[in-house]
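Produce the entire structure from the sequences given, and follow the hints as far as they go.
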Amino acid sequence: MKTDQIGKERNRVDGKAKVTGEAKYAAEFDAEKLAYGVVVSSGIAKGKIKRIDTSKALALDGVLQVFTHENRPGYMWLDKNYKDDDAPPGSPFRPLYDSEVQFSMQPIALVVAETFELARYAAMLVEVEYEEAEHDTDFESNLEQAYEPKEYKATEPPKPRGDVDQALAEASARIEETYTHPAEHHNPMEMHASTAVWEGDGKLTVYDKIQGVQNSQQYIASAFGMSKDEVRVISPFVGGAFGSGLRPQYQLFLAVLAARELQRSVRVVMTRQQMFSFGHRPKTLQRFKLGADTGGKLQALQQEVYGETSKFEDYSEDVVLWPGVLYPCDNTKLTHKLVALDVYTPLDMRAPGGTTGIYALECAIDELAYKAGIDPLEFRKKNYSEKDQNEDKPFSSKELRECYRQGADKFGWAKRRMEPRSMKEGHQLIGWGFAQGAWEANQAEASAKAVLSKEGKLTVSSATADIGTGTYTVMTQIAAEALGLPLEDVTFKLGDSDLPKAPLEGGSKTVATVGSAVKKACEQVQEKLLKLAQQQPDSPLAEAKLEEVDFSEGKISLKRDASKSVQLQDLLEQSDNGSLEGEVSTKPSDESKEYARYAHSAVFAEVKVDEDLGTVKVTRLVTAVAGGRIVNPKTARSQILGGMVWGMGVALHEHTVMDNNLGRFINHDLDKYHVPVNADVQEMEVIFVEEKDEVVNPLGVKGLGEIGVVGVAPAIANAIFHATGKRVRELPITMDKLL
Amino acid sequence: MEKENPPLPPLQSVTLRINGKEQRLELAPWTSLLDALREHLHLTGTKKGCDHGQCGACTVLIDGKRINSCLTLAMMQEDKEITTIEGLAKDGELHPVQQAFIDHDAFQCGYCTPGQICSVIGLVNEGKAKTLADIRDLMSGNVCRCGAYVNIVKVVQEALERSEAK
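Sequences listed follow chains A and B, in order.
With UniProt numbering applied, the first sequence has no gaps in its numbers, which climb one by one up to 739 at the end.
With UniProt numbering applied, the second sequence has no gaps in its numbers, which climb one by one up to 166 at the end.
Hints are computed from structural coordinates only; laboratory data are not their basis.
Computed from a prediction, not measured in an experiment: that's the story for all the values here.
Ideal Cβ positions, reconstructed from N, Cα and C, are used throughout, including at glycine.
A portion of the hints provided could be inaccurate.
DSBU-like, lysine-lysine: derived pairs with alpha carbons at most 35 Å apart [as the list claims (entries may be wrong)]:
#, chain 1, residue 1, chain 2, residue 2
1, A, LYS203, A, LYS297
2, A, LYS617, B, LYS21
3, A, LYS337, A, LYS410
4, A, LYS617, B, LYS130
5, B, LYS128, A, LYS457
6, A, LYS410, B, LYS154
7, A, LYS16, B, LYS21
8, A, LYS56, A, LYS203
Using C-beta positions, here's what the derived DEER-type ranges look like [said to hold, decoys possible]:
#, chain 1, residue 1, chain 2, residue 2, range
9, A, ASP576, B, ALA89, 38 to 44 Å
10, A, ILE666, B, GLU93, 44 to 50 Å
11, A, GLU425, B, GLY20, 50 to 56 Å
12, A, SER91, B, GLY20, 52 to 58 Å
13, B, PRO96, A, THR335, 54 to 60 Å
14, A, LYS559, B, ALA89, 40 to 46 Å
15, B, ALA165, A, LYS8, 29 to 35 Å
Here's what the structure looks like:
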């Protein structure tokens with residue numbers, strides 16, 4: 001197929017705005033008489049607020065109000081009023097609802113003042129007396145109370161197949177191990193913020209940090225009993241989110257509450273510390289039992305998962321989905337139970353479930369490969385799944401073998417020696433590890449609108465988001481491609497609840513979802529253009545059907561004879577219609593549902609571990625991705641690189657530590673919560689293998705936001721084993737665990 | 001024993017020279033340079049990522065040196081030349097480091113980017129980075145959660161080459 005834009009490296013269309021500081025994020029929109037709200041967080045994890053004294057704060061000139069559960073306005077009654085598009089089953093948290101404290105750092109007051117400096121100072125003067133209750137935040141000691149939720153937020157665990165116990169008994173190589181993954185926090189660089197602009201007459205425009213403006217809009221409308229006409233939510237730029245912006249967070253609720261009560265504009269920004277007070281990747285424990293026969297074929301697989309949740313919502317994620325996708329095995333048993341603690345509800349965090357599940361699965365498989373005495377990559381080749389056993393469906397496409405081949409070549413895997421501690425350089429133990437990954441290539445319903453002006457400028461819009469993923473850029477490319485226009489003549493608009501409906505930006509589905517709608521909206525404009533062309537006297541395209549013409553370089557031309565063409569500009573000038581429009585909604589095809597749709601990856605890692613100090617350096621990482629058609633290799637590569645950095649964080653750095661005495665995450669800042677920094681990252685390479693997929697969606701694309709993460713932590717963990725001979729089954733792998 | 005809160009000190013007159021322009025402000029004396037820029041002057045290109053000097057998003061240049069603007073009070077920076085991301089492009093032409101960030105796709109969400117850019121310019125001015133390892137170390141005060149480090153390093157290498165060629 002011809003292409004001017006899709007598949008081409010393009011700089012980000014919003015690049016200039018981002019490097020000049022012109023791009024505005026939620027806390028950066030100004031409003032007349034803007035007031036500042038600062039949140040007071042609970043000092044205890046569980047109990048009641050006995051007394052809250054705001055008098056000293058209120059006594060200061062310039063403090064407008066202190067909102068607490070005692071003076072908050074009337075509330076909507078039902079849980080459903082507080083549900084949002086990403087809410088797990090249960091009762092959503094309601095800020096300032098009553099005197100009850102359900103988790104540490106729960107917002108218990110909002111101080112609003114004329115300036116930020118004053119609001120922050122006044123917040124320190126709010127005095128709180130608590131009646132403490134015994135909290136329970138200890139994951140390990142509650143494993144026996146774990147339960148299967150009535151309703152899983154994510155996919156229900158697949159039904160058992162065959163007889164695991166017997167297959168294990170008959171296996172010639174087996175392992176039985178437990179892997180743990182700690183709580184982690186998203187920590188996007190931009191802190192959660194909302195600027196609620198009071199427009200008068202009860203109307204609000206809210207600038208919010210969110211991965212879907214229409215989610216915030218419906219949440220506000222429903223929680224405050226407003227109509228959607230009364231609240232518009234705007235979010236043109238999001239300073240990272242990684243899932244933290246899937247649900248409207250409490251600063252949004254508080255900003256809206258204050259703006260409505262004070263009838264003036266209010267901004268609320270969380271502190272970095274408060275970024276640890278809502279939603280995290282849940283602590284997860286996984287017990288694996290695996291068995292293989294003498295030929296190295298997997299015969300038994302049991303995965304027993306315990307994931308953390310809160311006491312008010314049942315959060316679960318797809319931790320047990322991956323064996324059925326990645327390995328053929330006739331005897332499997334997969335369970336996922338929840339451990340409810342006095343914490344805020346966990347929240348989808350980049351590759352939720354995959355990051356935890358694939359980490360443990362790929363480490364367990366590596367251990368089994370060693371037990372069977374088979375090279376870990378060879379072991380995967382012997383156990384290559386040709387269909388998804390969870391749903392018993394063939395894959396729409398799967399070029400994972402090609403990922404193995406190209407990744408191994410690039411990395412030099414063939415030179416690897418199997419025995420641990422067999423590769424050394426002075427005091428540095430060298431290890432090479434492998435892991436594979438998969439991530440869903442879903443498409444959801446979405447709408448888009450395309451408007452081609454008389455001047456030949458195309459504007460396409462949909463209420464989706466760009467959280468750094470490149471949505472602005474790839475949608476511009478898809479639209480420009482459809483109408484054969486240069487990128488400069490195309491503008492894509494997003495992040496405004498007034499725009500055509502789009503789902504949350506999450507789950508690596510935006511290009512497939514919104515991209516398909518953009519493509520189709522532009523196809524409607526194509527039809528109108530062709531019709532106009534055919535109305536011209538002696539039109540060279542008189543008999544042509546849409547599929548017989550090309551839109552390229554500002555022309556419509558016959559595919560079979562390019563000399564027969566019409567200039568778009570001429571058509572638009574002659575038309576007396578003004579602009580041409582297309583507006584559509586798209587959803588996945590029935591055919592696509594007959595297939596399992598996944599992106600795949602193969603990850604090769606080299607680590608150097610200091611024999612004396614236990615320090616780990618990831619010196620090389622190669623990721624080969626089978627991710628369908630790549631719209632923009634430049635931004636796609638960046639997304640995978642970013643995922644690899646995340647995987648490194650999972651393997652070596654990230655860990656939110658729960659202090660069970662206080663019931664509080666104690667390392668709640670960027671000094672003590674470690675994320676990878678520049679010095680941690682060395683050589684990284686990304687390979688995209690060619691993968692044609694005519695079923696997955698009309699563009700043949702698969703999302704890339706999450707596939708880059710999932711295989712990295714296990715590849716690093718397996719490399720560390722290869723370097724040191726030591727299996728560390730508790731993330732992150734810090735130096736103390738290696739000594 | 002009840003402690004009385006001392007009365008708040010009065011607002012102070014502060015004059016700052018930002019991107020070549022004098023700006024007079026009336027500020028609470030404990031206003032950070034970062035908040036003065038963002039909330040009082042609406043120069044929101046400088047970002048707040050932690051307010052504790054732990055992330056580098058608020059990096060600006062003071063007399064050509066990079067600092068975390070959240071860790072200094074506005075009133076301590078009078079009589080200095082303050083350069084923020086808004087002051088780098090000249091006559092509509094991007095600073096070469098800004099252009100390099102676009103060309104190398106050295107960002108995704110863009111939130112750490114102004115700080116990274118100021119930090120790269122400060123690093124070049126310091127003249128301390130000689131090796132790849134130096135670059136990585138000396139850029140480690142600027143966290144990028146999107147993980148654009150490989151591309152950021154390319155920008156720095158190019159900027160150092162450009163400065164040596166001068």
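Subject >> 35 Å Cα cutoff - pair LYS617(A), LYS130(B) >> reply: OK: LYS617(A) and LYS130(B) at ~21 Å, within 35 Å.
Original post:
Can the suggested window of 50 to 56 Å be confirmed for the beta-carbon pair GLU425(A) and GLY20(B)?
Top reply: Check passed, 52 Å falls within 50 to 56 Å.
Original post:
Do the Cβ positions of ASP576(A) and ALA89(B) conform to the proposed distance bound of 38 to 44 Å?
Top reply: Since ASP576(A) and ALA89(B) have Cβ atoms about 42 Å apart, the given range 38 to 44 Å holds.
Original post:
Do the Cβ positions of ALA165(B) and LYS8(A) conform to the proposed distance bound of 29 to 35 Å?
Top reply: Hint holds: Cβ distance 31 Å, inside 29 to 35 Å.
Original post:
Hey, LYS16(A) versus LYS21(B), does the alpha-carbon distance stay inside 35 Å?
Top reply: holds (23 Å)
Original post:
Does LYS128(B) pair with LYS457(A) here, judged by a C-alpha cut-off of 35 Å?
Top reply: Distance ~48 Å between LYS128(B) and LYS457(A) Cα, so the pair is violated.
**OP:** Measure nothing beyond the straight line between the CA atoms of LYS410(A) and LYS154(B); if it is 35 Å or shorter, mark the hint as holding.
**Re:** holds (21 Å)
Original post:
Does the alpha-carbon distance linking LYS203(A) and LYS297(A) stay inside the 35 Å limit?
Top reply: violated (64 Å)
Original post:
Quick one, are LYS617(A) and LYS21(B) close enough, alpha carbons at most 35 Å?
Top reply: With a Cα-Cα distance of about 46 Å, the restraint between LYS617(A) and LYS21(B) is violated, given a limit of 35 Å.
Subject >> Range hint compliance [Cβ, PRO96(B) to THR335(A), 54 to 60 Å] >> reply: Distance hint for PRO96(B), THR335(A) holds at roughly 57 Å.
**OP:** For the pair supplied as a hint, LYS337(A) and LYS410(A), confirm whether the alpha-carbon distance does not exceed 35 Å.
**Re:** Given that 35 Å is the threshold and the Cα spacing comes to 40 Å, the pair is violated.
Original post:
Is 40 to 46 Å a correct range for the gap between the Cβ atoms of LYS559(A) and ALA89(B)?
Top reply: The hinted range 40 to 46 Å holds for LYS559(A) and ALA89(B), with Cβ atoms some 44 Å apart.
In terms of the numbered hints stated before, the structure departs from hints 1, 2, 3, 5, listed from lowest to highest.
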